[in-house]
Amino acid sequence: MTASQSLEAVLSGLAADRATGALRVGRAGTVYLTRGRVSHVESPGTPGVEEMLVASGRLRPATVRGVRQSAGELADGGERLVRQGLLTRGELQFCVLGATLDAAFFVLAAAGARTRFRPDDRHWIGDQWYFDVAGLFRECRRRRDRLDQVCPSPELDTRPVAPVPRVPAQRVVLTAVQWELLRHADGAATPADLARRLGRPVYAVLLAVRQLGAAGLLSEPEAAPDPPPGTDRGGPAATRAKKGPDAPPLPVRTRTGPRPAPAGDPADLTDIGVLIRLRDALERL
Amino acid sequence: MLDIEDCLREILAIPGALDALAVEDIGGAAIATGRGAGGFDAQATAQGLCRAFHATLDALGPASPHGTVRVEDAIVTADQGLHLVRPLDTPLTGPVLLYVRLDRDRANLALARHRLRELSGRLITT
Numbered sequence: 001m002t003a004s005q006s007l008e009a010v011l012s013g014l015a016a017d018r019a020t021g022a023l024r025v026g027r028a029g030t031v032y033l034t035r036g037r038v039s040h041v042e043s044p045g046t047p048g049v050e051e052m053l054v055a056s057g058r059l060r061p062a063t064v065r066g067v068r069q070s071a072g073e074l075a076d077g078g079e080r081l082v083r084q085g086l087l088t089r090g091e092l093q094f095c096v097l098g099a100t101l102d103a104a105f106f107v108l109a110a111a112g113a114r115t116r117f118r119p120d121d122r123h124w125i126g127d128q129w130y131f132d133v134a135g136l137f138r139e140c141r142r143r144r145d146r147l148d149q150v151c152p153s154p155e156l157d158t159r160p161v162a163p164v165p166r167v168p169a170q171r172v173v174l175t176a177v178q179w180e181l182l183r184h185a186d187g188a189a190t191p192a193d194l195a196r197r198l199g200r201p202v203y204a205v206l207l208a209v210r211q212l213g214a215a216g217l218l219s220e221p222e223a224a225p226d227p228p229p230g231t232d233r234g235g236p237a238a239t240r241a242k243k244g245p246d247a248p249p250l251p252v253r254t255r256t257g258p259r260p261a262p263a264g265d266p267a268d269l270t271d272i273g274v275l276i277r278l279r280d281a282l283e284r285l
Numbered sequence: 001m002l003d004i005e006d007c008l009r010e011i012l013a014i015p016g017a018l019d020a021l022a023v024e025d026i027g028g029a030a031i032a033t034g035r036g037a038g039g040f041d042a043q044a045t046a047q048g049l050c051r052a053f054h055a056t057l058d059a060l061g062p063a064s065p066h067g068t069v070r071v072e073d074a075i076v077t078a079d080q081g082l083h084l085v086r087p088l089d090t091p092l093t094g095p096v097l098l099y100v101r102l103d104r105d106r107a108n109l110a111l112a113r114h115r116l117r118e119l120s121g122r123l124i125t126t
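Order-wise, the sequence lines are chains A and B. Per the UniProt record's numbering, residue 1 is the first one in the first sequence, and the count goes up by one each step. Per the UniProt record's numbering, residue 1 is the first one in the second sequence, and the count goes up by one each step.
Please keep in mind that the hints were generated in silico from the structure rather than gathered at the bench. Glycine included, each C-beta is placed from N, C-alpha and C at the ideal position. Careful, some of the hints might be misleading.
[What the hints assert, rightly or not] Simulated restraints, written as ranges between beta carbons of each label pair:
id, chain 1, residue 1, chain 2, residue 2, range
1, A, R60, B, D103, 43 to 53 Å
2, A, G85, B, A13, 19 to 29 Å
3, B, D103, A, G66, 20 to 30 Å
4, A, G13, B, V76, 25 to 35 Å
5, B, T126, A, R65, 19 to 29 Å
6, B, A59, A, A62, 41 to 51 Å
7, A, R65, B, V76, 45 to 55 Å
8, B, V76, A, G112, 27 to 37 Å
9, B, P62, A, R141, 26 to 36 Å
10, A, R141, B, T68, 28 to 38 Å
11, B, A110, A, Q69, 47 to 57 Å
12, B, L60, A, E51, 48 to 58 Å
[As the list claims (entries may be wrong)] Pulled from the structure, derived: some chain A residues nowhere near chain B, Cβ distances all over 10 Å:
id, residue
13, R18
14, P44
15, A55
16, R58
17, E79
18, G90
19, F94
20, L97
21, G98
22, D102
23, F117
24, D121
25, E139
26, P163
27, V164
28, R183
[Stated by the list, open to error] Taking beta-carbon pairs under 7 Å as the criterion, some of the chain A residues facing chain B (in silico):
id, residue
29, G85
30, R89
31, Q93
Just chain B, with the same shape it has in the complex (with noise of 0.2 Å):
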C-alpha cells in the first residue's frame, strides 16, 4: 500500500526517471511532484498532460475499429526523454494522472512501463 508522496518517490526511482507528477484529471491540477532534476512547471505541466491526454483520447476513440477506446498508458518520445503517462481511474480516487519523464539513453522502457503499472495498482491495493 503506498500513500500520494510515496508512490511519487518510487516513481522517481525507475531507472532513469527524471520527473514524476500526480495530476487530478477533472480540473487538471498538478498534486504533487518527485523532486527530479528538471525544475519544470508542475502546474503548467498537470494542465498540459491533461489537454494532451484527453486529445489523444479524442482520436484514438474513432481510430479504434470499435469506436471505443480505454488507453493504459501513453508514451510520448521526444528530444528530451520518454514521457510516459498512466490513468488512474476508480470511483474512490476519481480520475488521476501518473507522469514520469525519463532518460532517453537510461531508461528502460518496458521496464518503466511495468514499474508503473505496479506502483499505480499499489495505490488501491490493501
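Only chain A is shown next, with the shape it has when bound in the complex (with noise of 0.2 Å):
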C-alpha cells in the first residue's frame, strides 16, 4: 500500500474484502477491523479505553493493566471486565464507541500517512461495537464541518486555551465541559492536554473550545497578559503557540512528565497556579 493511496480507499478496499486485521496510519494511529467492519480506533493522541476506564474512577490502573495483560490475543478483554461484575457491557460498549469515534476523527484525517496492515491483529479489548467504513468516515466529516460552524477558526484546536481575564458580557451561560476547561486553562495547555487532564474526548474539548471563541471567551495569543511579576511561565505558551495551521490536525501529546492530578483533586496544583494569577489580577484593578 503506498502513501498515495488515500486512507479512505484502502479502509474501503479493506472493508470490501471482509478483512480482519490492524491497519497502522502512519503515527497517527491504528484501525481495527473485524470483518471489514470497524471494531476499534486508536490514535496516541486521544484518551483509550484505558484511560477512559480509568479517568471514569470505574476501575483501578493494575486491573486494567491486567486484564489486557491476560487477555492478550484472545481479545477477551472487555467480556473478562463484564463477566468480573467491573462494567456492565452497555457501559463498555458506550466507552469504547466514545473512543474510536473520538480517534477516528484524527487518524482517518491523517493525509499521506503510510499505512500497514497486520491481518488477524485484534484490539485486547475485543469486539464491542461496530461502524462501517463509509459511515465512520461520514461521521468524522460531519465533527470536522461541525466545528466550523460553530467557530472557523481551526487555530483554537492547537493554540494553549487563554481565557479572557473579563468577559465581555454581563452574563455568561456555560456548558459543564466549558466550565472544566475555564476551570484548568492555564494559559499553556492546549486543548489536548486538556482533554487528558480532565478525561474528557478530545472532539468533546474542541467543540467547547470552539464555543469559548465564538462566544468571545478567549485572548487572541498577542493579547496575552504578561506573566504576573514573580511567577516564571515563560516558555511552554510562546512555543506551543507557534504550532500555528501547519500543524497536523492530530493534538500530539505533549506532556511526558507525571499525568497531571484528576480535576477533582483539591492539591490540584494548576488549580493554585490559577488562583493566584486571578488573586494578582484582581489585586491590580
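Reconstruct the complex from the two isolated chains, following the hints.
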C-alpha cells in the first residue's frame, strides 16, 4: 500500500474484502477491523479505552493492566471486565464507541501517512461495537464541519487555551465541559492537554473551545496578558503557540512528565496557579 | 444489566412505543435504533434531537431560579406522538440521549417515563 493511496480507499478496500486485522496509519494511530467493519480506532493523541476506564474512577489502573495482559491475543479483555461484574456491557460499548469516534476524528484525517495492515491483529478489549467504514468517514467529516460551523478558527484547536481576563458581557451561560475548561485552562495547556487532564474526549474539548472562541471568551495570542511578577512561566505558551495552522490535525501528546492531578483533586497545583494569577489580577484592579 | 441493543429492544417494548434511538451526544451520531413502525431517518433525527435538547438546556438555565439546570427528561407532545428524551451522562459512557416516540392514544406517559428511567439505569448498573 503506497502513501499516495488515500486512507479512505485503503479502508474501503479492506472493508470490501471483509478483512480482519489492524491497519496502522503512520504515527496517527491504528484502525482495527473485524470482517470489514471497524471495531476500534486508537490514537496516541486521544484518550484510549484504558485511560477512560481509569479516568472514570470505575477501575484501578492495575485492574485494567491485569485484564489487558491476561487478554493478550484472545482479545477478550472487555468480556472479562463484564464477566467480573466490573462494568456493564452497555457502559463498555459506549466507552469503546466514544473512544473510537474520538480517535477516528484524527486518524482518518491523517493525510499521506504510510499504512501497514497486520492481518488478524485484534485490540485487547475485543469487539464491542461496529462502525461501517463509509459511515465512520461520514461521521468524522460531519464532526469537522460542525467545528467550523460553531467557529471557523481551526487555530484554536492547537493553541493554548487562554480565557479572557474579563468577560465581554454581563452574563455568560456555560456548558459543563466549558466550565471544566475554564477552570483548568492556564494559558499554556492546549485543548489536547486539557482533554487528558479532564478525562474528556479531545473532540468534546475542541467543540467547547470553539464555542468559547465564538462567544469571545478566549484571548487572542498577542493580547495575552504578561505573566504576573514573580511567576515564571515564560516558555510553553510562546513555543506552543508557534504550532499554528500548519500543524497536523492530530493533537500530539506534549506532556511526558507525571500525569496531572485528576479534576476533583483539591491539591491540584494547576488550580493553585490559576488562583494566584486570579488574585494578582484582582489586586491590580 | 443491559447492552445498548437490549436497552433499545426494551424501550420499544414500552406500551405505545413507536420508535427508539440511542444518540451519542458529543457529535450527535445515531448509535442504534429500535426497529419501530416509523421508518424514520435515524441520523437526521439524532442530529435534530441533540440540537433541540441543547437549545432546551440553553433556555432552561436562565429560566431556572438559580441559573443552573439538570434535565431529567424532556417531553414534547406533538401531532405524531409523544416524544420522550432522556439524557444519560456518566464519566464512562459520555453524554448519551435515549429517545422514544410514543403513540398518543396507546401510551401512558407516566409509565413510559418510569420505564425509560429504569432502563437507562440498567445500562449502567452491573
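Hints and how they fare:
Look at A/R60 against B/D103: about 47 Å separates their beta carbons, and that is inside 43 to 53 Å. In this structure the supplied range 19 to 29 Å holds for A/G85 paired with B/A13, their Cβ-Cβ distance being about 25 Å. Here the CB-CB span from B/D103 to A/G66 is close to 49 Å, at odds with the stated 20 to 30 Å. Distance hint check: the CB atoms of A/G13 and B/V76 are about 44 Å apart, inconsistent with the given range 25 to 35 Å.
Between B/T126 and A/R65 the beta carbon distance is about 21 Å. The supplied range of 19 to 29 Å therefore holds. Separation of B/A59 from A/A62 is about 45 Å and conforms to the stated range, judged on CB atoms against 41 to 51 Å. Checking the proposed 45 to 55 Å range against A/R65 and B/V76 shows it holds: the Cβ atoms sit about 46 Å from each other. For B/V76 and A/G112, the Cβ-Cβ distance of about 47 Å falls outside the hinted range of 27 to 37 Å, so the restraint is violated.
Checked against the hint of 26 to 36 Å, the pair B/P62 and A/R141 passes, with Cβ atoms roughly 34 Å apart. Here the CB-CB span from A/R141 to B/T68 is close to 34 Å, well matched to the stated 28 to 38 Å. For B/A110 paired with A/Q69, a C-beta distance near 49 Å keeps the hint of 47 to 57 Å intact. Distance hint check: the CB atoms of B/L60 and A/E51 are about 33 Å apart, inconsistent with the given range 48 to 58 Å.
With 10 Å as the threshold on Cβ separation, the claim that A/R18 sits away from chain B holds: the shortest Cβ distance comes to roughly 22 Å. With a least CB separation of 20 Å from chain B, A/P44 remains clear of the 10 Å interface cut-off, as annotated. Consistency note on A/A55: stated as away from chain B, yet its beta-carbon is not over 10 Å from all of that chain's, at 7 Å minimum. Taking the minimum C-beta to C-beta distance to chain B, about 6 Å, the non-interface status of A/R58 is violated against the 10 Å cut.
For A/E79, the shortest C-beta to C-beta distance to chain B comes to about 12 Å, beyond the 10 Å cut-off, and the non-interface label holds. The beta carbon of A/G90 sits about 4 Å from the closest Cβ of chain B, which is not more than 10 Å, so the claim that it is off the interface is violated. The claim that A/F94 is not at the interface with chain B is violated, since a C-beta of that chain comes within 10 Å of its own (minimum 4 Å). Against the 10 Å criterion, A/L97 falls within the reach of chain B, whose nearest CB is about 7 Å from its own CB.
Not every beta carbon of chain B lies more than 10 Å from that of A/G98, the smallest distance being close to 4 Å; the non-interface claim is violated. Distance to chain B contradicts A/D102 as a non-interface residue, since its nearest Cβ pair spans about 8 Å, not more than 10 Å. Non-interface call for A/F117 relative to chain B: holds, since the shortest CB-CB distance, roughly 26 Å, exceeds 10 Å. The non-interface label for A/D121 is consistent with chain B: the shortest C-beta to C-beta separation is roughly 25 Å, beyond 10 Å.
Chain B draws A/E139 into its interface by the beta-carbon criterion, the shortest separation being 5 Å against a cut-off of 10 Å. Distance check for A/P163 against chain B: the nearest CB is about 19 Å away, which clears 10 Å, and the non-interface claim stands. For A/V164, the non-interface assignment is confirmed: its Cβ lies about 21 Å from the closest Cβ of chain B, beyond the 10 Å cut-off. At the 10 Å boundary, the C-beta of A/R183 stays outside the reach of chain B, the nearest C-beta of that chain being 15 Å off.
Interface restraint check for A/G85: the shortest CB-CB distance to chain B comes to about 5 Å, inside 7 Å, so the restraint holds. Interface restraint check: A/R89 against chain B, minimum CB-CB distance 4 Å, threshold 7 Å, status holds. The interface hint given for A/Q93 holds, since its Cβ lies 5 Å from the closest Cβ of chain B, which is under the 7 Å cut-off.
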